[in-house]
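Q: Combine the two chains into a complex, taking the hints into account.
Which chain is which? The protein sequence lines are V and C, in order.
Okay, so the first sequence: first residue is 621 according to the numbering used here, each after it adds one.
Okay, so the second sequence: first residue is 205 according to the numbering used here, each after it adds one.
Be aware that a few hints might be false.
Computed, partial: chain V to chain C, Cβ under 8 Å [said to hold, decoys possible]:
#1 Leu-636
#2 Leu-645
#3 Val-646
#4 Leu-667
#5 Gly-670
#6 Ser-745
#7 Asp-831
#8 Asn-924
#9 Thr-928
#10 Ala-944
#11 Ala-958
#12 Asp-962
Calculated from the structure, these hints are not laboratory results.
Built from N, CA and C at the ideal position, the CB exists for glycine as well.
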Amino acid sequence: MPEALRPAPRNTIGSLALIAGIVALVAATFSYTAGWFSPERLTPQKLVDGFAGPSGPPLGHRRNHAKGICFTGMFEANGAGSELSHAQVFAKGQYPVIGRFNLGTPNPNADDSKERVRGLGLMISTPDGQEWRMAMIDPPFFPVASVEAFRELQIASASKEPDAMAKFAGAHPEIAAFGGWAKSAPWTGSYAEEPYNALNSFIFTDSSGSDHAVRWSLTPAAQPVPAPPEELAKRGPNFLETEIVDRIKNGPARWTMKVTVANAGDPTSDPSKAWPQDRRSVEVGVLTVDKIEAEADGPCRDINFDPTVLPNGIRTSDDPFPAARSSAYRVSYDRRTAEEKDYPRAATGASQ
Amino acid sequence: MTNVQRLRPARIIQRFNPLQRALHWIMAVCILAMLFIGVGMVSTVASEYLTLVNIHKPLGILILILALIRLVVRLRYGAPPLPLDLPEPMKLAAYLSHYALYALMIAMPLIGWAMLSAADYPVTLWPSVWLPQIVPQSASLHTLLWNAHFYLAFLFFALILMHLAAGLFHALIRRDGVFDAMGPALTHDEIAPGEWREPPAPIRSR
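Bound-form chain C, shown alone (with noise of 0.2 Å):
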């Protein structure tokens, strides 16, 4: 195949501003690390359990933080367009499980508190900083919101083996700058600005 030499020398890329970058990246090792602590954690009795729950808690926290910025960021900034080429099944999961991820990266946490508060346990961010209850202390509140916690939880870490292996497809296989809009530094230049589509993204300013 001789592509390469018909692509325009210009390379217009599109990409997610640098915050954005930066928080996708953050948070993608806090998220990640979230949930191998959170399985590992609920699996042994062994004194690293207490380490474990310690850094869960602050965690927790702070990528609630975080994501709610980069829901400001993304409603400010917006996404660049994905390939017009890309086939419909593929557009439509990639702004469904997008819209999951926003959702998953707030509520989590959000839930995570408030089961705490519902089983009357102290939200504790640092040996002197406690948080306040978010919900009244419930025993069947504590099942919902655990119930939750526990399976939403599998459901986010699938999302994201989900998401890992979309963006490895759109980098290795597809190679259509969807993986550079969002990739620490471009893998390669080839990538023609004529593919952009127009209104781009799944969560948009309004």
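Just chain V, with the same shape it has in the complex (with noise of 0.2 Å):
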């Protein structure tokens, strides 16, 4: 009865094909925009995949720089970084620090001896509740330009065919700067040592709103000690954490931090070309490591050094390698905490 109250449809067929044609549409819409019709889209999955070896990913570990040691200590800030930024951070005072020690490389159990690039992750925390976090390495320059670059770098490494090296370095020719770097720079002895460099360009906005495009690094205050790896490989594969338990149990280390302010028209998109030595430094402050934790139990474990996790008065500038990494060690971050039971907490079985 109440059909006949109701205006009967036009055209069934043509409305339910209209109706399907609608759904469709932004079910594929949705698809497209998910990447499913396009494999070729580099992926955070793809990167993190990238980084395994042929014998799998590290179970529970970070996907790089999996190999790593907590540190907790403080960041004293002088007050000379409020001129180039307002965050709270860079007021005279001092800040907490959760950190990691750690190792360029897919293996948790790498020979300490046997890795070239050694990085600190840090996150500084202030009272106003924001967190600077940043991931550092010790090479002065990125090895590629982009981070397509850096995909093709991965397959490269990767491949089988012999050439397959020669090739990616005759396409992005920047990468034999970091070649030389890691052929002649001096292997030292001790994480303390180590310089740490925040590769990416970042832009501070000082408290009358001005942008200033820099980058930061972290200079020991421990003198580097040369020592070849064929002599750093007699101290065993865990050397570097050994002896850095030791080192601060007889006092902190410490590093000073510098920020680089850009001139106009230098590379801020391109972390494998350095700023000429003649830029504006500031010194901003002193990181002070006075406490050292195995990482199964450490504070830093399930910390993601996600270097966009920036405080009010820093944000991310045009070099596109911050997003992608924050991209990519969340991927990483899912899946090793997913992991938990391949990485017991309590080294000894005892509770957490």
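A: Next up, the structure:
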């Protein structure tokens, strides 16, 4: 009966087809956005998968820089950074830090004397509730100029073709500088003797609202003592970890944080290009590390040192790497935290 | 067919009130945008990733606030009844899907917020506005919440597609006034007032 009270559809088949078409269009747009039609899209999953060697990823661990040890300490700002950024972290004062010394390798059991790149992850917390996270490495520039080149480097490194790396170097000549650094830079016997560089460019905003393109680095207070890798190999596969534990027992290790300000025209979007040495540099404070803890139960374990977690007063620049790193670090974090059982918390078997 | 002539001239159409309709359409845009931003951001390493994440978080909180307002408005004002002649399975589907949509509108932002909290990521609405953690840092909790956020997002999108299809089905094929009850404007005016059933609505004030 009620059917009779309603206008009949003009064309049911046509209307059904229209509805199906609209729904299919929305679903297809969604699928496109998700990348399901774009197998060539560079996804964070591809980047993270690209770190795994033939034996698979290090379950429960960070997918790169997998071997590390936690530290805690203090960042003491001297106030000089306030002229560049209004972030609270640069106001004169002491701010607690959680960090992690690490090796640039996807192998959590790597031999310390075999890994060329050493790194430092850092999270500085300020009373305003904000945080500044970063992940730095000891080379003075990044091996490649773009995120796409980094993916190509992963593919070339994994390739069985003998000339894959030569071909890559032909297409990406910037890697030669990194190769030069790897060959010639002295090795040291301590995490505390290394400089650490945040190779990416960021924008600091000062209290007048002016922007400054910057990079920053940590310069060790400890005098670097060069040691050839053959000599380091004799100290055992975990010598860096035992050394830093022993060192900190006898007193804290310190680094000076220096912020380098770009001149107009300096390359901010390419971390493979160092800025000229004469650029203005401001010492903004001192990092003091006074406690070391094993990673399995340490405070750094479940921290993602995502370089895009920045306090108000610092933001990303046109450097494409922080976004890519954030995206990939997050996938690494999601995976490893889901694999907790593969990396037991208390190495002794005791409770947490 | 000459049904139209048999309609009474009166055009008493029971619709959601203007506030409810405004909330519905604003949220429709927000939620669809949110789902697209979500699947887009997790599939790219381009610099848009950060832009999308920086929209995803405050937009999620906005949706949570709007959803809570909408729930109160719905409990206060109810909904027009479904047509008496709507087949029972369709009525059931309408009730259940609306409960699910309300649950997801409220739960998804909370799960996302909790997921970030469990990972100790900041929930940044604006460079200077960081929300507090709502759950303690925990790897296992993060995994649980991550899975919930991920799978429920696809369920949410599927429900929205069904909701869209059903709305269009009412508008184009049944033409029973159900679409007009929420429609931004009346698409036609031949709706029989006698067709509204008395005790309506999936979610009623109690």
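Q: Any CB of chain C closer than 8 Å to the CB of Gly-670/V?
A: Check failed: Cβ of Gly-670/V comes no nearer than 11 Å to chain C, outside 8 Å.
Q: Grab the minimum C-beta distance from Thr-928/V to chain C and call the hint holds if it beats 8 Å, violated otherwise.
A: Because about 6 Å separates Thr-928/V from the closest Cβ in chain C, which is inside the 8 Å limit, the hint holds.
Q: Taking 8 Å as the limit, does the beta-carbon of Ala-944/V come near enough to a beta-carbon in chain C?
A: holds, 4 Å
Q: Regarding the hint that Ala-958/V lies at the interface with chain C, is the smallest CB-CB distance below 8 Å?
A: Holds: closest Cβ of chain C sits about 4 Å from Ala-958/V, inside 8 Å.
Q: Just to be careful: measuring from the Cβ of Val-646/V to every Cβ in chain C, is the smallest value less than 8 Å?
A: Where the cut-off is 8 Å and the nearest Cβ of chain C is about 6 Å from Val-646/V, the hint holds.
Q: Should the hint that Asp-831/V touches chain C count as held when the rule is a Cβ pair under 8 Å?
A: Check failed: Cβ of Asp-831/V comes no nearer than 13 Å to chain C, outside 8 Å.
Q: At a threshold of 8 Å, is the proposed contact between Leu-636/V and chain C supported by beta-carbon distances?
A: Cβ of Leu-636/V sits 7 Å from chain C, so the hint holds.
Q: Take the shortest C-beta to C-beta distance between Asn-924/V and chain C; is it under 8 Å?
A: holds, 7 Å
Q: Holds or violated: the hint that Ser-745/V contacts chain C, with Cβ atoms closer than 8 Å.
A: violated, 10 Å
Q: Identify whether the interface hint at Leu-645/V stands, where standing means a beta carbon of chain C within less than 8 Å of its own.
A: Since the shortest Cβ distance to chain C is 10 Å, the answer is violated.
Q: Hey, does the Asp-962/V contact hint survive, CB to chain C under 8 Å?
A: violated, 11 Å
Q: Are Leu-667/V and chain C close enough, Cβ to Cβ, to be under 8 Å, as the hint says?
A: Cβ of Leu-667/V sits 6 Å from chain C, so the hint holds.
Hint compliance for this structure: hints 2, 5, 6, 7 and 12 are broken, all remaining hints hold.
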